[in-house]
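**Q** Assemble chain B onto chain A, guided by the hints.
There are 2 protein chains.
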Amino acid sequence: AAMAGWGWARAVRGLLLDVSGVLYDSGADGGVPIAGSAEAVRRIKASGLKLQLCTNETQATRENFVRKLRGLGFDISVAEVTAPAPAACRLLKERGLRPHLLVHDDLVPEFAELDKMNPNCVVLGDAAENFTYANLNEAFRLLIGMEKPVLISLGKGRYYKETDGLKLDVGAYMKALEYACDIQAEVVGKPSKRFFESALAELGVPPEQAIMIGDDIVNDVGGAQQCGMRALQVRTGKYRPSDENHPEVKPDAYVNNLAEAVDIILQQL
Amino acid sequence: AAMAGWGWARAVRGLLLDVSGVLYDSGADGGVPIAGSAEAVRRIKASGLKLQLCTNETQATRENFVRKLRGLGFDISVAEVTAPAPAACRLLKERGLRPHLLVHDDLVPEFAELDKMNPNCVVLGDAAENFTYANLNEAFRLLIGMEKPVLISLGKGRYYKETDGLKLDVGAYMKALEYACDIQAEVVGKPSKRFFESALAELGVPPEQAIMIGDDIVNDVGGAQQCGMRALQVRTGKYRPSDENHPEVKPDAYVNNLAEAVDIILQQL
Numbered sequence: 001a002a003m004a005g006w007g008w009a010r011a012v013r014g015l016l017l018d019v020s021g022v023l024y025d026s027g028a029d030g031g032v033p034i035a036g037s038a039e040a041v042r043r044i045k046a047s048g049l050k051l052q053l054c055t056n057e058t059q060a061t062r063e064n065f066v067r068k069l070r071g072l073g074f075d076i077s078v079a080e081v082t083a084p085a086p087a088a089c090r091l092l093k094e095r096g097l098r099p100h101l102l103v104h105d106d107l108v109p110e111f112a113e114l115d116k117m118n119p120n121c122v123v124l125g126d127a128a129e130n131f132t133y134a135n136l137n138e139a140f141r142l143l144i145g146m147e148k149p150v151l152i153s154l155g156k157g158r159y160y161k162e163t164d165g166l167k168l169d170v171g172a173y174m175k176a177l178e179y180a181c182d183i184q185a186e187v188v189g190k191p192s193k194r195f196f197e198s199a200l201a202e203l204g205v206p207p208e209q210a211i212m213i214g215d216d217i218v219n220d221v222g223g224a225q226q227c228g229m230r231a232l233q234v235r236t237g238k239y240r241p242s243d244e245n246h247p248e249v250k251p252d253a254y255v256n257n258l259a260e261a262v263d264i265i266l267q268q269l
Numbered sequence: 001a002a003m004a005g006w007g008w009a010r011a012v013r014g015l016l017l018d019v020s021g022v023l024y025d026s027g028a029d030g031g032v033p034i035a036g037s038a039e040a041v042r043r044i045k046a047s048g049l050k051l052q053l054c055t056n057e058t059q060a061t062r063e064n065f066v067r068k069l070r071g072l073g074f075d076i077s078v079a080e081v082t083a084p085a086p087a088a089c090r091l092l093k094e095r096g097l098r099p100h101l102l103v104h105d106d107l108v109p110e111f112a113e114l115d116k117m118n119p120n121c122v123v124l125g126d127a128a129e130n131f132t133y134a135n136l137n138e139a140f141r142l143l144i145g146m147e148k149p150v151l152i153s154l155g156k157g158r159y160y161k162e163t164d165g166l167k168l169d170v171g172a173y174m175k176a177l178e179y180a181c182d183i184q185a186e187v188v189g190k191p192s193k194r195f196f197e198s199a200l201a202e203l204g205v206p207p208e209q210a211i212m213i214g215d216d217i218v219n220d221v222g223g224a225q226q227c228g229m230r231a232l233q234v235r236t237g238k239y240r241p242s243d244e245n246h247p248e249v250k251p252d253a254y255v256n257n258l259a260e261a262v263d264i265i266l267q268q269l
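The listed protein sequences derive, respectively, from chains A and B.
Here full-length UniProt numbering is used: the first residue of the first sequence is 1, the next is one more, and so on.
Here full-length UniProt numbering is used: the first residue of the second sequence is 1, the next is one more, and so on.
It is worth saying that the hints were derived from the structure and are not from the lab.
Careful, some of the hints might be misleading.
Here are some chain A residues the structure puts well away from chain B; computed CB gaps all over 12 Å [unchecked claim]:
1) TRP8
2) ALA79
3) PRO86
4) ARG95
5) LYS156
6) ARG194
For lysine-lysine, the following DSBU-like pairs were computed, each having C-alpha atoms within a straight-line distance of at most 30 Å [unchecked claim]:
7) B:LYS250 to A:LYS148
8) B:LYS148 to A:LYS161
9) B:LYS116 to A:LYS250
10) B:LYS161 to A:LYS116
11) A:LYS50 to A:LYS193
12) B:LYS116 to A:LYS161
13) A:LYS68 to A:LYS50
14) B:LYS161 to A:LYS148
15) B:LYS50 to B:LYS68
16) A:LYS45 to A:LYS93
Which stretches of chain A does chain B cover? Using the computed rule of at least three CB atoms under 8 Å from a CB of chain B, they are [stated by the list, open to error]:
17) 35-48
18) 158-168
19) 172-178
All C-beta atoms in this analysis are idealised placements derived from N, C-alpha and C, irrespective of residue type, glycine included.
Bound conformation, chain A alone (with noise of 0.2 Å):
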């Protein structure tokens, strides 16, 4: 990343981080951290900016996604984190769905409170290895079954990178429920406005001022100028060179890794 051309760096007050592929790579061994993140995160708090992470993490509660993390080297708090999960919660209240889960076995705890029963509608998250053939069928049964289907999705992204390889992501089984069903899903995450806006909300500083790091030229880079962030896509995680050719999504700067952004960013205040 050429240093020059980072000007508006200058007013930046908060970070929002992105996490698999930014802080770490994610795997079924619980994953590895990306060289220089953990120090990164340090030096963000000792600098003064604020910071939080906006994940699309659907694969465990963020009580026990935060002790992966703090046990991977991050200095992280529950709060510090926005996540699908407990959004759609507040959605599902809001206006009395009672869900039909197809999600990871980890995450089913974020949904404790609400009502199970007779389900009005279907929440897809990244299920991983709960994606079988006869869940699969189940939930397509359960929408085609109701009169106006409602499919929640916990993010929309295609894969994601783990430590043995790249995995389908929620968004190519959203894909094949909407296709299925004649439908269109409804997403709570990234790169929902919404999801972001809340993000924002709990870092407690506008858009402008505010930066987004993320692995994903789609749903992080793309979604967070969508609502008027500047953001930054690292060659670490997901990303792939072609990105760089993407023919909708230009990101405000690259960076090899969190580390380098970090260096960069605080160069300029």
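**A** Positioned in the frame of chain A, the structure of chain B alone reads:
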């Protein structure tokens, strides 16, 4: 089905029949014949009308599929079946493609002659229990790793009915992989025009003298009409009353089942 307005059927010389949902309802138990359909096939043959089954069935080789149909009481030979796998084989050979197969175990022998080392395309069929999280990730990784991903889908049906309920069809999984890789699959099977044309060639009748009879409003009825055929929708199989309000496709007539279709057609001759 009102008898009025069937005058066009006087010109008919051959029938294309969909199989699942028209001749029988498929299922893990082998399926059950739809009442009157075996007798209707006999009556078609006795009348001198030509007959060809035009199916997107990809859970078995044509030989085994015909064996099953004969076991259910249908007087059908292998030459009377047009199915996607043999059509896909021809296409793969023409283009020198080496497939990775994500298909039902019982379909694999159809591809026995093809080189499958170092695959340069993915062939997707109705893999049923083989639609596992691991297998979908494997197909995705192969595609995303190709310079120009080639995905060949044996049909693009949304769902079908088995004796134990509705099941997601290959089209749903095709959409998942299309979205994840940002590509368009090539569809071999209904509603592809090329596929209907090869079924008509095997029937030996031009489109204006052929009638397609199926339970799928888009893939059977719409696809056949696009090729210049008349097409009937049966109210069996996956038929749903809402099909009668389809925004784009209107069958030439509705019939309660194949037996009724054959009754009415034979009365016109």
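**Q** None of the hints should be skipped; say for each whether it holds.
**A** Here's how the hints hold up against the structure:
The claim that A:TRP8 lies off the interface holds: its Cβ sits roughly 30 Å from the closest Cβ of chain B, which is beyond the 12 Å cut-off. For A:ALA79, the condition that its CB be more than 12 Å from all CB atoms of chain B holds, with the nearest at approximately 33 Å. Every beta carbon of chain B lies more than 12 Å from that of A:PRO86, the smallest distance being close to 25 Å; the non-interface claim holds. Taking the minimum C-beta to C-beta distance to chain B, about 24 Å, the non-interface status of A:ARG95 holds against the 12 Å cut.
The non-interface label for A:LYS156 is inconsistent with chain B: the shortest C-beta to C-beta separation is roughly 9 Å, within 12 Å. Chain B leaves A:ARG194 outside its interface by the beta-carbon criterion, the shortest separation being 22 Å against a cut-off of 12 Å. Distance hint between B:LYS250 and A:LYS148 is fulfilled; the C-alpha atoms sit about 23 Å from each other, no more than 30 Å. For the proposed pair B:LYS148 and A:LYS161, the alpha carbon gap of about 20 Å is at most 30 Å, so the pair holds.
For the hint linking B:LYS116 to A:LYS250, the alpha-carbon distance of about 39 Å lies beyond 30 Å, and the restraint is violated. Annotation: proposed proximity of B:LYS161 to A:LYS116 holds, straight-line Cα distance about 26 Å (limit 30 Å). Of the supplied pair hints, the one linking A:LYS50 and A:LYS193 holds, its CA atoms being roughly 20 Å apart against a limit of 30 Å. Between B:LYS116 and A:LYS161, the direct Cα distance comes to roughly 26 Å. Compliance with the 30 Å bound is thereby established for this hinted pair.
A threshold of 30 Å between alpha carbons decides the hint, and for A:LYS68 with A:LYS50 the separation of about 22 Å falls inside it, so the pair holds. Between the alpha carbons of B:LYS161 and A:LYS148 the distance comes to roughly 20 Å, so the proposed pair stays at or under 30 Å and holds. Taking the CA atoms of B:LYS50 and B:LYS68, the gap is near 22 Å; set against the 30 Å cutoff, the hint holds. Taking the CA atoms of A:LYS45 and A:LYS93, the gap is about 34 Å. The hint is violated against a cut of 30 Å.
Coverage of the stretch 35-48 of chain A by chain B is violated in this model, with 0 residues showing a Cβ closer than 8 Å to a Cβ of that chain against a need of three. Counting residues of the stretch 158-168 of chain A whose C-beta lies closer than 8 Å to any C-beta of chain B gives 6; at least three are required, and the coverage claim holds. A stretch counts as covered by a chain when three or more of its residues have a beta carbon under 8 Å from one of that chain; for the stretch 172-178 of chain A and chain B the count is 6, and the coverage holds.
Comparing the model with each numbered hint stated earlier shows that hints 5, 9, 16 and 17 do not hold.
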